[in-house]
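Peer 1: With the hints as constraints, model all of the structure from the sequences given.
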Amino acid sequence: MTDCRAPLGGSHRRPDAMAKATGQTRYVGDMALPGMLHAAIAVSDRASAKILRLDTETARALSGVETVLTATDIPGENQVGVIFPDQPLLVTDRVRMIGDRVALVAARSPEAALTAARSITPDYEDLAGVFDPEQALEQTSPAVHGTSNLLKTFQVLRGESDSDQLDADVVVEARFEVGGQDHAYLEPQACLAVPEGDRITIFASCQCPFYIQQAVARVLAIPLASVRVEQAPTGGAFGGKEDYPSEPAACAAVLAWRSRRPVRLLFPREFDLQVTTKRHPMVVNHRWGANRDGKLVFARVEAVLDGGAYAGLSTVVAERANVSAIGPYAVPNVTVRTRIAYTNNLFGGAYRGFGAPQVSFASEATMDMLAHRLGMDPVEFRRLNVVTPDDPLTCTAQTLAAPQMARLCLDRAVDDADRNQMPRRAPTSWRRGRGVSLVLYGVNLHRGGQFLDRSSAVIILQPDASVIVRVGLTEMGQGNLTAVQTVTAAALGIKPERVQVWQPDTTTVADSGPTVASRGSHASGRAVLDAVERLRKRLDPVAAEMLGCRPEEVELADSCARVSGGGQSIPVRDVAQEMVARRIETISTGWYRSKPREFDEATGMGDAYGSYAMACHVVDVAVDPDLGLVRVEHVAAAHDVGRILHRNAAEGQVEGGVVQAMGWALTEELKMDQGRLLNPSFTDYLIPTSDDAPPVTVALLEDAPGRGPFGAKGLGEPAFIPTAAAIRNAVCAALGTEVNHLPLTPPVIVKALASHHRFKNLIE
Amino acid sequence: MADPLITVDLILNDVQRTFRVPPGRRLLDLIRDDAGLTGTKEGCGAGECGACTILLDGRPVPSCLVLAASCENRTVTTVEGLVHDGKPHPIQEAMVETGGVQCGFCTPGVIMTSAALLENSISDREDQGRRLAGNLCRCTGYEKIFKALEVAGDIDD
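Going line by line, the protein sequences match chains W and G.
According to the numbering used here, the first sequence is numbered sequentially starting from 10.
According to the numbering used here, the second sequence is numbered sequentially starting from 52.
Incorrect hints may appear among the rest.
Stated by the list, open to error - Straight-line distance between alpha carbons at most 30 Å, and here's what the computed DSS-like set of lysine-lysine pairs gives: (1) W:K504 - G:K198; (2) G:K138 - W:K504; (3) W:K59 - W:K680; (4) G:K198 - G:K138; (5) W:K546 - W:K604; (6) W:K59 - W:K161.
It is worth saying that the hints were derived from the structure and are not from the lab.
Peer 2: Shown next, in the form of C-alpha cells:
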C-alpha cells in the first residue's frame, strides 16, 4: 500500500523553498529580455506646489535615453486611484506629495534612466501644505483636494449613543499618537512589461495581479483581456504590494507601449522608502468607563487617520479600524467615530493589520489603564470583560460563533509565559515588565469589500495522477502555495509533492480579488475544494466501475481510490489513466464566494465579517532605565487558528508577525518633515535583526473550526496585531508609568521616565 | 571617453574565471550581470540588508560594497556555489526543512552568512544572532533560521 503522510497539520517541505534556497527562483530583477529597457520615474521633491514648467529636453538628450514621457503621452486615462479617482499616474499642474510622478524615462541602462529622471526638475510655485491630520480637518486648513480634507467618516453606535455623557466608577480619557510604518519587504517594488502587438504582459512583484490588470487596461485604454499579469515570485509584501504595485506597473506599461520594447522597472531602496505607501499614522482619543466590579460600561473612540495626499485604500483601512476599535470585549455602550484626513504626507496604504493594529494599541493600553485605576490585575480585568458564550456579541452586535476562544487564548498565552524558561538576555539592572494584549480579528474582507470576496481555481489531473493547480491568490512568502498544495493533496488523498501550484496569472483563472485580509488560504483553498468536488463527479464513476462499487462509495486516500469502509483499493494513477483513455475531461474549475451579510453602514451595526479569529500575546520585556532601550525577552502567542493546514508555515506567520510588530512598536520611526521622509534607509529606519528577535512560544489552538478549507482561519494579520500593545503594556509595567505613543523609541521612554507619573489607583 | 576596462581573475564557485570590468563595477554586478548568477540579490545597494552576501575568501561580505576590480586572485562563493554535484549544502537543506524560507529574497544572503557560521563552528544562539544581524529578514522573525542553524550544525558534526 502506498504510504502518504497525512498532509494536514504536518510540516512537509514548502514547494518553493529549495529553489529559493539554492538561488534558482527568478524574481523580476532576475528576469531580462533581449532589447529590454530600464525605467526610472521623475518625482516631485515638493509636498505641495503648482507646476509652472516641465522641461524634459535635457533628459531626452542624455546618452542611453530612449523614451521620456509626460502625462500627455498616456494613451488612456491618466488615473491610478484604486477606489477614488483622485490620483493621476503623472501629475500635470499640481503636486500634492513628495514622490508625485512628473515624468517617465526608459533607457538602455538603469544608471542612464536614473540620471535622466533626476535631471527632470520642473519649475514649481510652492503652495501651503498641511501635514497634521487633525489640523487638516479644520476649516482653515488648505484643501489637498476640492474643498475639504475630510475624506470619509465611519461610525459604530451601540447602546447609549451619547457616551460622552455616560459615567462609571472609573473613567479613562487618553490620547494615543500612533506612528506609521514602512513594509520594508526585502525585495523593493519591481515589474517588467512586455508589449506584443495589441496586448501586453506584465510580470510583477505583487499581491494583487487583478488590480494591476485593471490599472494597466485603464492607462493604456485596452480591453482587460489584452492585459496578462503574471505574479512573479514576490520577495515580501505585507500589504505594500497590494494597492501600490499598480502604479509602477502602469508606468512600465506606458513606457513599453510607447517604446514597443520590454521595459523593466526596479525601485532603488531609498526611492522605495521615500515614495511608497505606509501604514497610516493615527491619532486615537479614548473615553472608556468601568465600574468597581470590573465590568466595562462604555467605550468612546475617536480616531483620525492620516490618509496622506491620495485616498488609496484609506477608506477600507478606516472601515476595519472602525469595527476593531474595542477588541474582544463585551461593552454595552459603544461609540466609535473614525475619520480620514487628506494631508500632504506620503499616502497610507494597506499594511498587515489594516488599521486594526493602531486602534488595538489604544484599546489594549486603555484596558491596562482601567485595570490599574481599579486596582486590578490586567489579566483578571480582561477575564472579566472578554466576550463569552453568555455575552457573545462584537461591538457591531454580531454574534460570534466561538466567543470562548478569547478566554482560551488569554489563558494559554499567560500559561506559556509563566512556563517560559528562556534565559533573560538583558542585564539584571534593567527593569522587567509583562504586558498582555488580545485581538478580535475579522477574518477576510469587511462587508464593504465583500463584492471582491470570490475566488477561482483550476485543477488539471495528469495521466500520472500528479496535479496542476492554478489559483488567483498569490504567494508572497506567507505560504499560500504551501496551503493550496496541502489542501489539494488532502482533498485528493495524494502526496503533497505530486501537486504543483503554478504562479497566479490573470489569463488562467478568473478575478479572485486581492490576496489580503488573511484570506489567501481561505479563499483559494475553498475554490480548490470546489474544483476537486467537480472533478470527482467525473472521476468517481470511473473509479467505481474499476472497483466494482457505487460512485458514492469511492474514497480517495493514500494515493489510492478505494471502497469506503475498507475493501478493494487501486492507485489513483490507474483511475487517471483510465480517464485519459476514455477521453474524459480531467480539468476542473472551482469557485468560492462568501455568503451575503447584513450590515448598516450608518450605525456600524451588523455582520461586519464572515467569521472571526482571536489571539493573545503576552510579552516580557526588560527596559534600560538610563538609556530607554527595550529588549523583548519572550513572547507567548496563542492563536485561534481553526485548523492547522501546515504547521511550520503557520508558526512562521506568528513568529514573523510578532517580530515585525516589535519593530513597529520600538524602532521603526518614520521621521517626517513637511511631507518628506528623513530616514529612507535601513541605517536610519531600523527593522529588527536576528540580534533583536525574541524567542516566541507559539500555541495554535484548533478548538473552534472556521470557514476556510478543513476549518482553517486566517492567521497572517492576527499574528501582527496584538504585539505592539503588549509591548507597550510591558514597558509601562516595567517603568510604572504610562506612555501612549508609538514607536517607543529611547527618547520617548526617557521622557516618560523623567515625568515619573506613577499608576493611579482611583478606587482605594 | 569610456572608462578603461580592468581585467580581474578570480575563482568563482570553484572555477577560475576572467572578467573585464569598468573600475567602478560592483562585485554584485559582476556576479549577477557578467556571470549570470542571479541567486545573489540586491535589497538595498548600501550594505544595510545583507541580501547580496557572498563569501569572499570564505568570509561573508555584502557584495554591493565590494569593487569587482579589487577581487583579483580572490575566491568568491555564491549561493549557487554551495550546491555540489547537485547536492545542496546542509544549511540549504536545513533552511528548507525547518521553514526558514518564506519569501526567499533574503534567503541566499542568510544562507551564505550561516554557511560561514557553521564553517567556524559558531553554535551559541546569542553569538549567531549577533553575527547574522547584518542579514535582514522581514518574514520569519528569525526563529526558524536559528532552528536551521541548529539542524545544520547537527548534520555537520
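Peer 1: Indicate, hint by hint, whether the structure satisfies it.
Peer 2: Quick rundown of the hints versus the structure:
Distance hint between W:K504 and G:K198 is fulfilled; the C-alpha atoms sit about 26 Å from each other, no more than 30 Å. Restraint check for G:K138 and W:K504: the C-alpha separation of about 23 Å stays at or below 30 Å, so the hint holds. Under the criterion of a C-alpha separation no larger than 30 Å, the hint pairing W:K59 with W:K680 is consistent with the structure, at around 25 Å. For a cut-off of 30 Å, the pair hint linking G:K198 to G:K138 stands: about 21 Å separates their Cα positions.
For the given pair, W:K546 sits about 24 Å from W:K604 by alpha-carbon distance, which is consistent with the 30 Å threshold. Under the criterion of a C-alpha separation no larger than 30 Å, the hint pairing W:K59 with W:K161 is consistent with the structure, at around 26 Å.
Violated hints: none; the structure is consistent with every hint.
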